Amino acid sequence: MDSFRSLTGARPIQDLFLPSLAVVPLVQYPGARAEWVVETGQTVAEDQILAQGLGPGDLPVHSPIPGRIVEFREIALPGGPVCSAALVRLEGEFRRTGRPSFKKDWAMAGEPELWERIRNAGIYLSSSPLDPRRTLEQLASTLDALVINALQPEPYLTLSHHLQTERAGDLAEGIRILQKLFRPRKTEFVSDPEVPEDWARTFSPLLTGVTLHALEFKYPQAQEGLLLQTIGVKITPGMGNRVLILDAASVLAVRDAVIEAKPQVEVTVVVSGHGVTNPGAYRVRIGTPLFQLLRDAGGVTPGDHKILVGGPFQGKSVDHLSTPVLKSTQAVLVLDKDEVNQAVQRPCIRCGLCVESCPVGLEPLTLHKALVQGNIGLAQDEGLAFCIECGICSFVCPSRVPLMAEFQDAKEASRGL
Amino acid sequence: MGFRLPQTFDRVTTLRFHLSFLLALSPVVILSAVNHGWPILVTVALSMASAWACDELLRRVRRSPEAPDWGALLWGLLLALMLPAQAPFYFPVIGSAFAILVVKGVFGGGGTPWINPVLAGWAFLQAGWPSAFPAMEPLTGDHRTAFDLQATDWLNANVFSWVSVQLPGGYLDLFVGLGHPGTALIVESGTLALLAATVYLLAKGYFPWEVPTFFFLTFCIPLVFAGGNLLHQVFSGALLLNLFFLASDPSSRPLSRGGLILFASGAGLFSFLVRTWGVSSDGVGYAVLLMNLFVPWIDRRFRRKSLNDFRLA
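Those protein sequences? They're chains A and B, same order as listed. Read in the numbering used here, the first sequence has 68 at position 68, and its numbers run on one by one without any break. Read in the numbering used here, the second sequence has 590 at position 173, and its numbers run on one by one without any break.
These aren't lab readings, by the way, just hints derived from the structure by calculation. Keep in mind it's a predicted model, so treat the numbers as computed, not measured. Positions of the beta carbon are idealized from the N, C-alpha and C atoms, including for glycine. Treat the hints loosely; a few may be bogus.
Claimed, not checked - List of simulated lysine-lysine pairs, DSSO-like, C-alpha gap at most 27 Å: (1) B:K722 to A:K369; (2) A:K234 to B:K722; (3) A:K316 to A:K411; (4) A:K218 to A:K186; (5) B:K621 to A:K218; (6) A:K411 to B:K722; (7) A:K218 to A:K411.
Said to hold, decoys possible - These stretches of chain A come out as covered by chain B in the derived footprint (C-beta under 8 Å, 3 or more residues): (8) 231-241; (9) 301-312; (10) 333-346; (11) 382-388; (12) 393-405.
Unchecked claim - Computed far set for chain A versus chain B, every beta-carbon distance over 10 Å: (13) S6; (14) S20; (15) W36; (16) L54; (17) A109; (18) E113; (19) S126; (20) E166; (21) R183; (22) R185; (23) T202; (24) L212; (25) D296; (26) N375.
The task is simple: from the sequences and hints, build the whole structure.
So this is what it looks like as structure tokens:
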């Protein structure tokens, strides 16, 4: 598997222009509920709250730019879901951008105040699946292990690499804040394997009680269960209350919210693939439409491309380029034909590549055969329920059998029984 | 549904896999035709055409939703290579039809057959017309070509003399496919090209190294102890073709590494037995076919005992 990390990994993060028209969706991650608190025609300041979360864990949405609300419109998010979005036209003055920021103290501040700052900032945390009945704050008393994961084994994805090398000090500060908030029994840091050799020597002294792990880039190494087992955290039922996995971007978002009182209005996005002229990591405002992001990043090469938000395994395709950058956006990939390697489905030749690559130890081809014959019972005996839906079997299959998709469908069907 | 994950795929496709095999094996046919005449080209073409037509028929009857993968062409070619150079025109046609329609169609059950269809088609012909297949003759050195005479002398004078070894006559003929002047299998007449093909395909990682390695070892070690003529045995008949291609055919080999090793070792040992005490013509194919029968059992025996449970719920 080509990693394509060299396309972007060596270039430092760059700032891009502000969008002249920001498209700010109401809901930026699955499951959220929120409502608008502004109206069409209203003038909004930078960082002003546009929407409030309805549930206890739902996030507020801030205006990424100062401007005027032009209209509300239904837009399609990556992967298909439709949601309401506010179109904000850039005008007026900047309250924060370009002005000196002053740092807030956090070591002396009480935990309720720190939580307040985090809540107000509306930061999206890319975390391991949590118990849906509990908020992040309620985890604080029960956490056994806090795992910071800076390993992104999917090809192209170098965001954690950039953040870990370029913002090491901030990252350490974020981890210290999280340790104060959650009081975990242990903290584990899974490092990007391609950081410079002396990186750990400068990073470790900034932290106490953190174990560093260096794992390989081997998809799906960062899948929660696999990651925990590899670094020696035992998997037990009810895990969602005792282990929290956060990625590097989330840790930095917490740090920025607590120390700089900065709401999450910008993200760093890796723009990569052989379809872009200048692949790299770019800091952009939330709501920047992809066409502007790609144009400002140097443009797209001529030809047919597949455009994805996210990595090549778990990413979602977009159907048009007015789709905005979201709080959860980490990568935009513009892939040419030779990177996608699409082909029509052909019969299984029993080559065994899927068996070789399955991290769980399943025999995807045996499952496939059972499912084609309509025998879900046999598939379950073969361990269908153990499938973690990483997609590596579909990726390696030379006959392009949609193995993972078949397994997802079958799991859904057997849940319905 | 909208979209399906993952969004990208590995480079290798089944089509490319089969094309690489066809491409790699085509010099074998050419070399064989140079050694034994153009009728070989007709045999190969008939075999491939018959296999393709039968596969297409099977696909139509079954209304298969999947695109064809050219695997039948490869099977047709492999079958032709197992045939005698003087095979009548109906041999490849009947053999391929049996391989595809009966073995793939009946035993395959919609998926892949677990008996190698090529070997089954070959065994069918062997059983029906045993006298048409050339007997394994001992190496006499009676029919050495001018090439063998000169090259062996040169090598003995300039290379082997350094290590005080003498190469007897006749082996270089075997190596380049000239060792069987009378009746020969098509593949026997293209040995040199066959070896080149295996180097190319092994380098591409298109078949597991375990199969040829263990097949070779379990064939050669008992043979040496039994006092057999190693070089002659290796370069005669369809041993190399079975070892590299038919035993490694993905449709009928075990899935796990342990299974592959057991399978290949069994095939090697049975090849030794059948060559030493078996039928007069080359019976290596029977050894592989026999091990094919054990593949479902081997796969069950060697599968991972427990699955990794990475589920958090």
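Run through the hints listed earlier and report the numbers of any the structure violates, in increasing order.
none
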